[in-house]
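K.L.:
Here is how the chains run, residue by residue.
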Amino acid sequence: MTPNPLALIAELTHRCPLHCVYCSNPLQMIAAKSELSTEDWIRVFNEAAKLGVLHLHLTGGEPLARADLHELVKAAHQANLYINLITSGVGLTEPRLSTLIDAGLDHIQLSFQDSRTDSANWISGTKAHALKTELSKIVRRFRVAFTVNLVVHRQNLDHIAEMMEFVEQLNPDRIEIAHAQYYGWALENRAALMPTPQQIDECMRVVADSQERMAGRIKIDCVVPDYYARYPKACMGGWGRRLLLINPAGEVMPCHAANVIPGLTFDSVREHTLDWIWRESESFNRFRGEAWMPEPCRSCDRRAEDFGGCRCQALLVTGNAAATDPVCTLSPDHFLIENLRSAEVATAETSAVSWTYRPNPL
Amino acid sequence: MIRLEGPGRAILELCDGQKTFADIVHQLANQFAGADATVISKEAGTFLDDLRIKRIVDY
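So the protein sequences, as listed, match chains A and B. The opening position of the first sequence corresponds to residue 512 in my numbering, with each subsequent residue numbered one higher. The opening position of the second sequence corresponds to residue 1170 in my numbering, with each subsequent residue numbered one higher.
Everything labelled a hint here was simulated from the structure, so no lab data went into it. Hints are not guaranteed to be accurate.
[Unchecked claim] Once the Cα atoms are required to be at most 35 angstroms apart in a straight line, the calculated DSBU-like pairs of lysine-lysine come out as:
| no. | chain 1 | residue 1 | chain 2 | residue 2 |
| --- | --- | --- | --- | --- |
| 1 | A | Lys730 | B | Lys1188 |
| 2 | B | Lys1223 | A | Lys730 |
| 3 | A | Lys544 | A | Lys585 |
Isolated chain A (complex conformation) (with noise of 0.2 angstroms):
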């Protein structure tokens, strides 16, 4: 029996003023041309919320690219739907986020790159730092739920410790620690993003350090790495099991990496309902359930809590997506992990750094 999902991850457009190098969106992007109008999306969340879903993220790119974002909200929590915005904060001044608030906003959720200022600008190719902090002091004159997410790395977790009191004084009601995940343009630039083993174990002691000082206050959200974790993560609560994500241009995807999956062809709200799509399509159904699994997934205890793991990180490192996650340490495959986080660690030494910063769609 097919649960309903939960969560809609609604990626409005591609366009960002951003070029983060650990950004997750495709290599390919959708073009501003391509995107979903203001009627599709309006029906997208009515439909959303008929098949079950309570909580809708509204990201990109840059969802405040999209001059009908008031709209879109307004018409979200007129549907019941719990709204969080996954934004950069650029383009967000206090008249427009106090209108997307009164449209019925609910919660907000802002990115941070790093506690300094060259470093953080260096990070996302774009001079955003100064603004960000502004808007943080902004954000709490306001009744709306306040996020910091902060991105960590090779390049920035030397000073964790600072970051942490860096984004506590901002005052949010949660902070995520969020390692960069190996997908899209964060993929690209693994060599200079992967963390070392000494970075790790710090993080994770300032970290649970930070979670007693703010108990109560604020919540910390943080986890191990995928490439340093012991077993896999349950990606997106399973393959078309909680979560379901559209891009801009309409396709319905089990997650924003599925495209890397050779064979899997996604289909659109243009064509379809939601809950076609959710139930029926072939792409939500490829990896649901437990017979497509290999050993040791099959009869592995563990099957029913991280379902595998993530099938984009078994392509990406293996070739093949019905594969067990080589992430975990029960993989036949793990030691494709163990050499790429040696190998990308061994060069942190002595390469300068050299990435590739997102561009911006046209």
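We have chain A already, so just place chain B on it with the hints.
P.N.:
Quick look at chain B alone, frame taken from chain A:
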């Protein structure tokens, strides 16, 4: 996302930004006739404190 079970939903629904904790315990005692108010107070208190740590409620 959290999933509420049993009295959890009843407790959370009473959190309206106006009621005091005593008000909530009083209402729950009415709703769950036969339950001991001391037990309600202790369990609701623990439940709400858990939610506060998760930053789901404030008081």
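K.L.:
Run every hint past the structure and note whether it holds.
P.N.:
Against the structure, the hints:
1. Among the hinted pairs, A/Lys730 with B/Lys1188 is consistent with the structure: their alpha-carbon atoms are about 24 angstroms apart, no more than 35 angstroms.
2. For a cut-off of 35 angstroms, the pair hint linking B/Lys1223 to A/Lys730 stands: about 6 angstroms separates their Cα positions.
3. Using a Cα cut-off of 35 angstroms, the hinted pair A/Lys544 and A/Lys585 holds, with the two alpha carbons roughly 23 angstroms apart.
In terms of the numbered hints stated before, the structure departs from none.
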